[in-house]
Amino acid sequence: MNDVDDEVRELLRVKAQDIPPTLDVPRTLTTRVRRRIAVNALAVTATVVVVAAGAFGTLRAFHSRSSQTAHADTPCTSAHLRAVVSMEGAAGSREGTIDLTNTSGACTLEGTPTVKLLDQQGTPIVSSVTFESVPPGWQVAGSPQPPGWPVVSVAQDDSASVRVRWSNWCADGNPTPQWRIAIPGSGDVDVEGIDATTVPPCNGPDLPSTIEVGPFEPNAA
Amino acid sequence: MRDREMVTAKVGRVAQAELSKLDELYLRHAGGAVRLAYLLLQDRSVAEDIVQDAFVKVAGRLVHLRDPGAFDAYLRRTVVNLSRSYVRRKMLERSFLKRESAAVARDAVRWPTSSLEDREVLWRALGRLSERQRAAIVLRFYEDLPEIQVAEILRCRPGTVKSLVSRGLKTLRHEMRGEPE
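So the sequence lines, in the order shown, correspond to chains A and B.
Count along the first sequence from 1, then add 37; that gives the number in the numbering used here.
Count along the second sequence from 1, then add 59; that gives the number in the numbering used here.
I should point out that these hints are in silico values taken from the structure, not numbers from a laboratory.
Just so you know, not all the hints are guaranteed correct.
To be verified - Among chain A residues calculated to face chain B with C-beta under 8 Å, some are:
(1) D42
(2) L48
(3) L49
(4) P58
(5) T247
Even for Gly, the Cβ is constructed at its ideal location relative to N, Cα and C.
Required output: the full structure, derived from the provided sequences and hints.
Here you go:
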């Protein structure tokens, strides 16, 4: 009965030799790590600031009953949001965030938005595209849950973000599709920044293109 | 403004310390990690990407690393988890099964005649196992980890590991020799 066990052991040993020893550190790794460390540090700083601001706000509210919370619970609307995507390559796909900047008064975002792909005529592309959800960036990074999450408060000119990953796009000569993000309870916002560099490689024309979208979260950057 | 400068300076110091530590760890562990990912994914370039992702993921926590032995286990777990996520996400298994179904038929008809051919048939058969079975077999037979450690990585009970390995080997025997599953 151990014959296959031995063969598997031998196979794995032999196949592992396909991989040569590592002699240097890829430059892309250093760049990505530097960025990651900076983002982590800023996230921690932002968390401290938010907690401090929250504590200050609570104390203020305790001392004076003002009506300043009128806008705090107002859901953000698509008319007052600007969406810009930034992505980079990751294991055969493109990964990054859509940053949503609030151009009006303070408001809140909550839940997971949906993303649509549009052809040149503005028609949603639905065949061969699957949509899935991914956890928020803070969870993936192992960072503490942002205060108030899943509700994300966005001050004027401030921004929130959603994590996105796009894989397997087989263009077949077609132009790059445009993206539109649907804000829950409101309308759609055209996503800026989609170009040839944000398009993932074609992993298989028979496989669907996959777009994974995370929930709203405070922008760490 | 001064706070901002202090934060920037601190980030710079932390980044420099982590980067130098990371270089050292990368040169020491990346080769083994890529081999592990390659055995799980059967694709060298994806394995290299996965390992780079794993290093980026663990990078922010290097300053807290006191036990160098713990890094190996942490990296291994991260590589296995990222590889499994990759397989699930890309539906590689489904497409692989689809693509290889013809190869299964071919293998069944054309029995291997040399050990080299035998090995390639086994390699393809290994690739057709479920990602959990494949991970359990690679961790047991390549990494030589005890069942309890494999169970920790796969987040299941040791009994489940035993069953995953046993069922995986049974499938391989069936595909290689035609023994009943």
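Quick rundown of the hints versus the structure:
no., hint, verdict
1, D42, "holds, 6 Å"
2, L48, "holds, 5 Å"
3, L49, "holds, 4 Å"
4, P58, "holds, 5 Å"
5, T247, "holds, 7 Å"
When each numbered hint is compared with the structure, no violation occurs for any of them.
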